[in-house]
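The listed protein sequences derive, respectively, from chains A and B.
The opening residue of the first sequence carries number 1 in UniProt numbering; numbering runs sequentially from there.
The opening residue of the second sequence carries number 1 in UniProt numbering; numbering runs sequentially from there.
Check the hints yourself; a few may be wrong.
Said to hold, decoys possible - The following label-pair restraints were derived from C-beta to C-beta distances: (1) B:P37 x A:A204: 16 to 26 Å; (2) A:G163 x B:E103: 48 to 58 Å; (3) A:L198 x B:E103: 24 to 34 Å; (4) A:L198 x B:Y84: 57 to 67 Å; (5) B:P102 x A:I182: 53 to 63 Å.
Claimed, not checked - Simulated crosslink set (DSBU-like; lysine-lysine; CA at most 30 Å straight-line): (6) A:K217 x A:K196; (7) A:K317 x B:K88; (8) A:K399 x A:K359; (9) B:K88 x A:K220; (10) A:K247 x B:K88; (11) A:K173 x A:K217; (12) A:K279 x A:K199; (13) A:K374 x A:K401; (14) A:K196 x A:K220; (15) A:K217 x B:K88; (16) A:K544 x A:K220; (17) A:K277 x B:K88; (18) A:K399 x A:K446.
Source of the hints: derived by calculation from the structure; they are not laboratory data.
Built from N, CA and C at the ideal position, the CB exists for glycine as well.
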Amino acid sequence: MSGRRNGNRIRGPQSALTDFLAANNISAAQIRDDHERRQREARNNGEGPSIAAGAAATPATGEDGADEDVVEIDEEEEERVREDSKKRKRKGEVEALEKIKKAKAGKGKGKEEKGKSKGKGKTKGKKGKKGDPDDDDDGDSDDDFDPDDLSRDMYKKSRPLPGQFEHCEICSKRFTVTPYNIEGPDGGLVCTPCGKELKKDVKAEKKSAAKQPQGRKRRKLESDRLDGLVNRGAKSLQQMCIETVAKHHDDVEELGDMPAPLVERLSQIFSKQRVLKPKTLPLFLRPDLQSVVLHDAAYLEADDYKQIFAVVPNVQKLVLGNTCQMKDEAMEYMLERCSKLKHVQLYASNLVSTEMWEKFFTVMGGRLESLALKWLDNALEDESVEVMARECRNIRRLKFKLCRRLGERAVAAIATLPKLQHLSLQLSRDVSNESLISLIEQRGPKLLTLSLEKFLDADDSLLAAIHSHCRSLQKLRVSENDTITDAAFTSLFTAWPNASLVFADFNATRDIDNNNSDGPLEDPIGLGSAGFTALMAHSGQALKHLDISSCRHIDLVALSEAFCSSDAVYPALEYINVSFCSRVDTEVVEGIFKACPALKKLVAFGCFDVGAVRVPGSVVLIGVPRAREGIEQFGGYFDGDGVGIQGIEIGGMAVEVGA
Amino acid sequence: MATLSQFVTLVSSDDFSFIVLRSAACLSGVIRRMLDPACIIFSHASLLYSVLTLTDGFVEARTNTCHFENISGMVLEKVCEYMYYNEKHRDGKDVPDMDIPPELCLELLMASDYLDSACPSLLHMALLTAA
Numbered sequence: 001m002s003g004r005r006n007g008n009r010i011r012g013p014q015s016a017l018t019d020f021l022a023a024n025n026i027s028a029a030q031i032r033d034d035h036e037r038r039q040r041e042a043r044n045n046g047e048g049p050s051i052a053a054g055a056a057a058t059p060a061t062g063e064d065g066a067d068e069d070v071v072e073i074d075e076e077e078e079e080r081v082r083e084d085s086k087k088r089k090r091k092g093e094v095e096a097l098e099k100i101k102k103a104k105a106g107k108g109k110g111k112e113e114k115g116k117s118k119g120k121g122k123t124k125g126k127k128g129k130k131g132d133p134d135d136d137d138d139g140d141s142d143d144d145f146d147p148d149d150l151s152r153d154m155y156k157k158s159r160p161l162p163g164q165f166e167h168c169e170i171c172s173k174r175f176t177v178t179p180y181n182i183e184g185p186d187g188g189l190v191c192t193p194c195g196k197e198l199k200k201d202v203k204a205e206k207k208s209a210a211k212q213p214q215g216r217k218r219r220k221l222e223s224d225r226l227d228g229l230v231n232r233g234a235k236s237l238q239q240m241c242i243e244t245v246a247k248h249h250d251d252v253e254e255l256g257d258m259p260a261p262l263v264e265r266l267s268q269i270f271s272k273q274r275v276l277k278p279k280t281l282p283l284f285l286r287p288d289l290q291s292v293v294l295h296d297a298a299y300l301e302a303d304d305y306k307q308i309f310a311v312v313p314n315v316q317k318l319v320l321g322n323t324c325q326m327k328d329e330a331m332e333y334m335l336e337r338c339s340k341l342k343h344v345q346l347y348a349s350n351l352v353s354t355e356m357w358e359k360f361f362t363v364m365g366g367r368l369e370s371l372a373l374k375w376l377d378n379a380l381e382d383e384s385v386e387v388m389a390r391e392c393r394n395i396r397r398l399k400f401k402l403c404r405r406l407g408e409r410a411v412a413a414i415a416t417l418p419k420l421q422h423l424s425l426q427l428s429r430d431v432s433n434e435s436l437i438s439l440i441e442q443r444g445p446k447l448l449t450l451s452l453e454k455f456l457d458a459d460d461s462l463l464a465a466i467h468s469h470c471r472s473l474q475k476l477r478v479s480e481n482d483t484i485t486d487a488a489f490t491s492l493f494t495a496w497p498n499a500s501l502v503f504a505d506f507n508a509t510r511d512i513d514n515n516n517s518d519g520p521l522e523d524p525i526g527l528g529s530a531g532f533t534a535l536m537a538h539s540g541q542a543l544k545h546l547d548i549s550s551c552r553h554i555d556l557v558a559l560s561e562a563f564c565s566s567d568a569v570y571p572a573l574e575y576i577n578v579s580f581c582s583r584v585d586t587e588v589v590e591g592i593f594k595a596c597p598a599l600k601k602l603v604a605f606g607c608f609d610v611g612a613v614r615v616p617g618s619v620v621l622i623g624v625p626r627a628r629e630g631i632e633q634f635g636g637y638f639d640g641d642g643v644g645i646q647g648i649e650i651g652g653m654a655v656e657v658g659a
Numbered sequence: 001m002a003t004l005s006q007f008v009t010l011v012s013s014d015d016f017s018f019i020v021l022r023s024a025a026c027l028s029g030v031i032r033r034m035l036d037p038a039c040i041i042f043s044h045a046s047l048l049y050s051v052l053t054l055t056d057g058f059v060e061a062r063t064n065t066c067h068f069e070n071i072s073g074m075v076l077e078k079v080c081e082y083m084y085y086n087e088k089h090r091d092g093k094d095v096p097d098m099d100i101p102p103e104l105c106l107e108l109l110m111a112s113d114y115l116d117s118a119c120p121s122l123l124h125m126a127l128l129t130a131a
């Protein structure tokens, strides 16, 4: 009976606080007991730092209370008491931690531990503060309750146990709590689908904030340097705007009224970044344009070409690179539609058949003034060039590079073009010296530009012909040849009535013999010392662009004389390429800087004797392989008296394979 | 002749005025010539708001004010921001790029082309890129 009666014990209404504590396994009675116990102990230990009666005091008042008391007591006792309280705290902490571990079971975070530790009163309130257990507020940790925190915690909902239902914070749907649900932005739980979304967002953020791969900034610097964009000062506003447009190319709908040079510049950037696609193509097509310049038409399909010609029928200058997908129909349409076409430059248009080319020449006839074709594998034949020579008598500018089927007869046909001024040839088939000489004899006097690349068997007689027939050359390139001797170069430039050249390129004219890398010493092959000296003597004053890369037979004496002597001045030189001339050393480079005030770019790959150079601020030096682990020296310009201050230099670059 | 004022005023098409340092504004060749009192007049521009006089130079030079009827206020503000940014980083290395909102960049590009701001010139850049 008594048992029944005992079992019937009525429980009165419980307060919210009691409910909360009970739910978190905190026993109020236990807290009270511990507290009283501690007070007793403290009192028993003498007038230690007093513990203000039970009530939740703010840390501030707690501190004040402690301080006053500390003043009263002498040091020793204080120390002892402090130590004791520390010990107590530590013991208490351990107890608390154990309790926490036991009670943890899927409950989250610091709220419980906060609650518990506050209940135990050992550590200072907030769990996250691993700070100092030995706080200055000796032993007053019970009283370091922050009432605000505690009340906040009380009203915060504790995380429900797995198995219970909860409403999602974001979508308010009811779902079952699992140990894997994550918290939403306001602290409540979210359901699984919303949780996935949140995780995705976090991941995307992290990805965009992730560090770029290591070498990227350095590579960008190098790439800019090779483009000639100097590293000092701020970028121009145009440059920055163009970069922004290229970055947001997807969003650009129309270019509006932009002037033609800007449109061309934009098309260059788009081509470089390979975003010139059918979608962005319309940006560059405007009915009033006279020239269409698209350097990378690789993504454009047959219909896109027709679109170009449809939208811009008055085009006069057409420059299309990588025109791999241009077919006969497109060209047919072009011939029909564009009646003003004068300058045509098509690279890699391999789908156009030979018949189509011949039709092209026939229809264009006298309209065609410049033609540049590169990378034609199977189509353009010698016969087609003969048709061209017959029909298009007004051609001034002609460039055939890497057209595999052209050979000797093509050269013979070209020789008959009466108005030819600029000629550039690089053919794969063998061409005899006689044809070349005959070409120069017929066209030489009027030629302004002559570029003969990779005619491996061309010999001295070619240069002799140039010397006797060419009188108005401004740009001359004879490169990649291993037959012409230095003596021929010397006699070309000596007493040549032709005016000073503006552009001279003799790269890779040297002897190729692996057994004898210096070449025959008595009779050097390729542009050698004597030839180089004669070249600079003849053209030094007006020369803007000089390329003698891989002319490794030029010796140090000639280079020093050309650049290091005290009266050497080349006022117009802007670009010099001395790559793989192994005799170039630091003095030569410094001499170049002094002698060429207008210099913008010096390319010196593979010049291993070049050491620490002082680079003036206006010059970009590329390719010096001195591996100083990318030490960059910043600096200024030439002083008035020509003393250079250290400029920008990058070492440790990859050496270009060549020679 | 009195010394030139340190500040000049740039006025946009919608009547926003921006008072900037003369040294910053003269980054643009067009502005520099408009404000130069010694400049001989070969005025062609239908777009320039300037009055031919036989004596002193453009009216802009006398009033130290330039009106731009084809540049809006928002764009002109960015232009002024760029001028100061350029001046501040004139000799710096690795300068961080100025932030350009994509909505504005096309108009800004045209304005900068008109104002001929800073070197290198467009043709130069094109040549360098093609090289």
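> Among the hints numbered above, which are violated by the structure, and what are their numbers in rising order?
Replying inline: 1, 4, 5, 6, 7, 11, 12, 14, 17
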